[in-house]
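Turn these sequences into a full structure, and let the hints guide you.
Chains as they are written, first to last, in the working numbering: chain A, -3 to 426; chain B, 1224 to 1538.
Derived from the structure by calculation, the hints contain no laboratory data.
There's no promise every hint is true.
To be verified - What follows is a list of derived Cβ distance ranges for each label pair:
| id | chain 1 | residue 1 | chain 2 | residue 2 | range |
| --- | --- | --- | --- | --- | --- |
| 1 | A | Gln121 | B | Ser1269 | 39 to 47 Å |
| 2 | B | Met1235 | A | Val224 | 57 to 65 Å |
| 3 | A | Gly2 | B | Phe1398 | 35 to 43 Å |
As the structure is a prediction and not an experimental result, all values here were calculated from the model.
Where is the CB? At the ideal position from N, CA and C, for every residue including glycine.
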Amino acid sequence: MTFHDGTPVNAEAVKFSFERQIDPEHPYHDTGEFPYAEFTLGVIDAIEVVDDLTVRITLKETFAPFLANMAMHAAALVSPTAVMRYGRDFGEHPVGAGPYRFVSWQRGVEVILEANPDYWRGAPQVERLIFRPIIEDQARLAALEAGEIDLAVNLPPDDLPRLRQDPRFTFAEQPGMHTWYVVFNVTKEPFDDPRVRQAVAHAIDRDAIVQAILGGTGETAVNFLPPVVWSYTDDVATYPYDPERARQLLAEAGYPNGFSVEFWVPESGSGMQQSVAMGTVIQDFLARVGIDVTIQQFEWGTYLDRVIVPFEQADSVPAMFEMSWIGDNGDPDNFLYILLSGDQFPPYGFNLGYYDNDEVDDLLRRARTITDPDERLPLYQEAQRLIMADLPVLPVDHETQIVVHSSSIRGFVPHPTGVFRFENVEVVGR
Amino acid sequence: MLPYLVRRLLVMVPTLLGVSVVVFLSLHLTPGDPAQVILGPKATASSLAALRQELGLDQPVHVQYLRWLRGVVTGDWGRSIQLKASVLSLVWQRFQATLVLSAAALLIAVGAGVALGAFSASRAGTLADRAAIAVSLVGYSLPPFFLGIVLQVVFGLRLGWFPVTGMLPPGGGGFRDMLPHLVLPAVTLAAGIGALLARMTRATMMDVFGQDHVRTARAKGLVERAVTARHVFRNALLPIVTVVGLQIGYVLGGAVLVEQVFSWPGIGTLAVNAILARDFPLVQGVTLVVATAYVFANLVTDVAYVLVDPRVSYA
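Okay, structure coming up:
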């Protein structure tokens, strides 16, 4: 196996690719930005070349999701020769070993890739791939319908039923490794009381949101963990739409007449689906059980800045806000530990509502240090049961990944992580 | 004329400085950390701190500004945080695309608007005049993003006459390949200004028609066409030139919307993305270029007065 520039793919290349990212003293550390390095490879203690095709990686501690991490972007190998040659400009001359090699990048206009004839699993059928950023939903839709592009993502839900009827297009769908959820700031009244969080859950008809707002482009969440992630169980406490039960729980918690609360909503954002419309409907459902919700909207950059806040400033975070998570590697640790463990308050992790349950923490900590999946499974399932009974977050839906493409394209299969793979795609009848 | 031009060019300097200070301050007052936006919600605290230091964001605002200013003067406009390329080359490349779109739109607007207005004025009160007024009213009232989508659906999807997105076919091409791509966005951008110009032209020409020198021209036996062309139209030009000059600002603003709708790779789309990404150096660069273009357009308008109206002169 070789990289696109002929450099051999070997143990040295693995060592180089990883150390370049995690070792600040590495001579080529300044040849890129590595936002995912710490997250993906941070647990590595040492990398040793055993022979040409074997590396031994020693971790700082036992870390079960490590193998799953090895399938993430940051673990992709790069040609050491190319990094040495281009230095800081390597990002403009990326050289990997995949089915397609880089041709050009015209910023804001297009990225062009071409088939790698020497790909180790055989050259792909489609010779050239052109990626174009078309930011406006309607423009992307128009470009697809006019035949200017062959494949599009994130089309407006309202237009999907029409496209489904059109024989020129084919849908490729994949249940998402994604959860859209409402975070409760559990350090704040009234959401420090689980009964109030449960009342909110019963007050909202989540099926209606998925059908009416999302046009069925998601799956109503039963559990916080998406069904595509292993260890998922639906044997958890559930919260069907039941306004009567909601009022009862509110009364038990000491709020028979409801209460007022601020609810933060981003205008848009990665994985946030129809954030504003969904927030507005939630506001309306809560009004019906006496909870008076005031919505505050923010632009995404501002929003992240305001809700990812260390515990010491928990008071500045509202009682209730929207968030979403797209899984990185298919491991349950990547949802449960990172988003809900007491070890993961910002800035270390993404437990944004400061949920802190010793029993859950213990299960999650143990599960990430056991390498046998059969032993990890019961720990994660127990954690899911505890979490859903406590309800520190209200999962609303799991987005379905929908790619619409020209019917002359065959063999396109969406990947759960949202990565696009074209090596088995063919174009027919053209 | 020359001293006037020199003076005007000198006044541009404080104007642009003022603009850059205001933009710099307002960007830094906007919440949202560029490092957080670049690295995304999954970034760790240490990588955020490292990036902030690398970008100079850990320095006080005035230090950051002065550093930027020194760069601008020496031709180093900085590096785009998000696109990882020289700001100057990015801005220049995208500005050319916007210039092409704006120039085409102005050409269409002036051509169609003035023709429609003149046609209307010379047939004042007739059914044709009213129809022309109605057309210009519709053109003026339609928001560009809506008109853009309508044109996309009708001429792009239904009739298939023109491409609906981008400036060139995928994979690139030359000037000829660009022309079909230019039609719909240019017409969209032209509609509002063209309509305004039509109404302006009609009104000023009607006004001039009623003046003494026109009566004299008619009295001495000139044919109506010569009266309109030589005595009415020429006199009506001054306000039209003013409006065209003022509209250059509108064109640049409207281009932001039109570029989004047609994903035209101009400075508008560049600016919107730069702001959302908190790409400070890029936003600064874009603002500087747009402000310069705006100030320059005003200067050109003032110079054009002299050419159109012999009574105007600048000492």
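If any of the earlier hints don't hold here, list their numbers in rising order.
-> none
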